[in-house]
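> Here is how the chains run, residue by residue.
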Amino acid sequence: VSVPEASDRRLIRDLRGGKHAACADLVRAHYAAVYRLLLHLTRDVPLAEDLTQETFAMAWQRIADFEGRSALATWLHRIAYGKFVDACRSSRRHTALVEHLKGEAADSRSAAPPEVAEAGDEARHLYAALERLEDDDRAPLVLHYLQGLSYREIAEVLDEPAGTVKWRVSQALERLRALLAPEVKRL
Amino acid sequence: MNTDKRSDLEARLRALPPATVPDGLEERLLASIPAVLPKRDRSLWLRRIGTMAAAAGLLVAAWLWYRAAFTVPFRLASIHELVNVPAPTAPVDLDLGLDPLGQVARVGAHELRHPFEWPVRGSIIAHPRDGVIDALLE
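Residue numbers (the working numbering), protein chains in the order written: chain L, 1495 to 1681; chain F, 238 to 375.
Just chain L, same shape as in the assembly:
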């Protein structure tokens, strides 16, 4: 998900200069990754779309104060994750999320991307197991393995020490393996 540093610097300079074309470049380069992160976190397509829009709306507000200490992708992931946390805290959306999750418990394949059906049973089971994980376990796994962020970048997104992130990823991986074990036996 990360853009080369030189491109990032040029893009940041243009964004601070208020160039509209730079904003469009930022959207094109990162919107898919931001959407996928939010989809994996929320497991709700419309909600993920809304939060993606909110993420970029906040990015436009904060771009002037962005100091370039991290990659733009990491910065956007951090905003997106904050939006997800805010959405969970919001009572209205939290209720909707809970209802949605209850519905998903009955059909765990609903949020899996269409490509999964073509990819086969293995990918489908893996997605289903990922969705059954708690948010605290799923977030670091999604950020590391699906979004391709390093431990240090995840630490910036989650606002935690890199060592803690590494430990959380390891623990989440063990829980995911435990969830997959019965399915593997059944297969």
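Simulated from the structure, these hints should not be mistaken for laboratory data.
These numbers come from a predicted model, not from an experiment.
The beta-carbon is built from N, C-alpha and C at its ideal position, and this holds for glycine as well.
Each hint should be verified, as a subset may be incorrect.
Derived coverage of chain L by chain F (criterion: at least 3 residues anywhere in the stretch with Cβ under 8 Å from a Cβ of chain F; other residues may be distant) [to be verified]: (1) 1506-1514; (2) 1540-1552; (3) 1572-1582; (4) 1632-1644.
Starting from the known structure of chain L, fit chain F onto it as the hints suggest.
Leaving out everything else, chain F in the frame of chain L:
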């Protein structure tokens, strides 16, 4: 064994097909880009610099006041003053005020004095008031 299973799971996770992005999302995001982006708030930095400058000014003023109130006035001598210092053996101008015993000699129109010398009694340097003390003791 456990490590192998873990590596296998990691590889499977990395190989998962990415989720499809809905059609029209990119267009909506591009359409929502504001015409004018907010600029960096420079007034905040100006306020910070102003506060720091005011604090530095107060510190300097306090130091100057302290120096004026509690220290002996002192100034460096100029080159001219250093060059014109009279020789130790030469008569000293009265204005310097170094004549505690009033041993002033007037030579011509100028007020001069001889260099002060302690009265010597035998091999001991005697204080001018020794005689007075001796008289009191007697």
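> Taking the hints in turn, state whether each one holds.
Going down the list of hints, with the structure as the test:
no.	hint	result
1	1506-1514	holds (count 4)
2	1540-1552	holds (count 5)
3	1572-1582	violated (count 0)
4	1632-1644	holds (count 3)
Hint compliance for this structure: hint 3 alone is broken.
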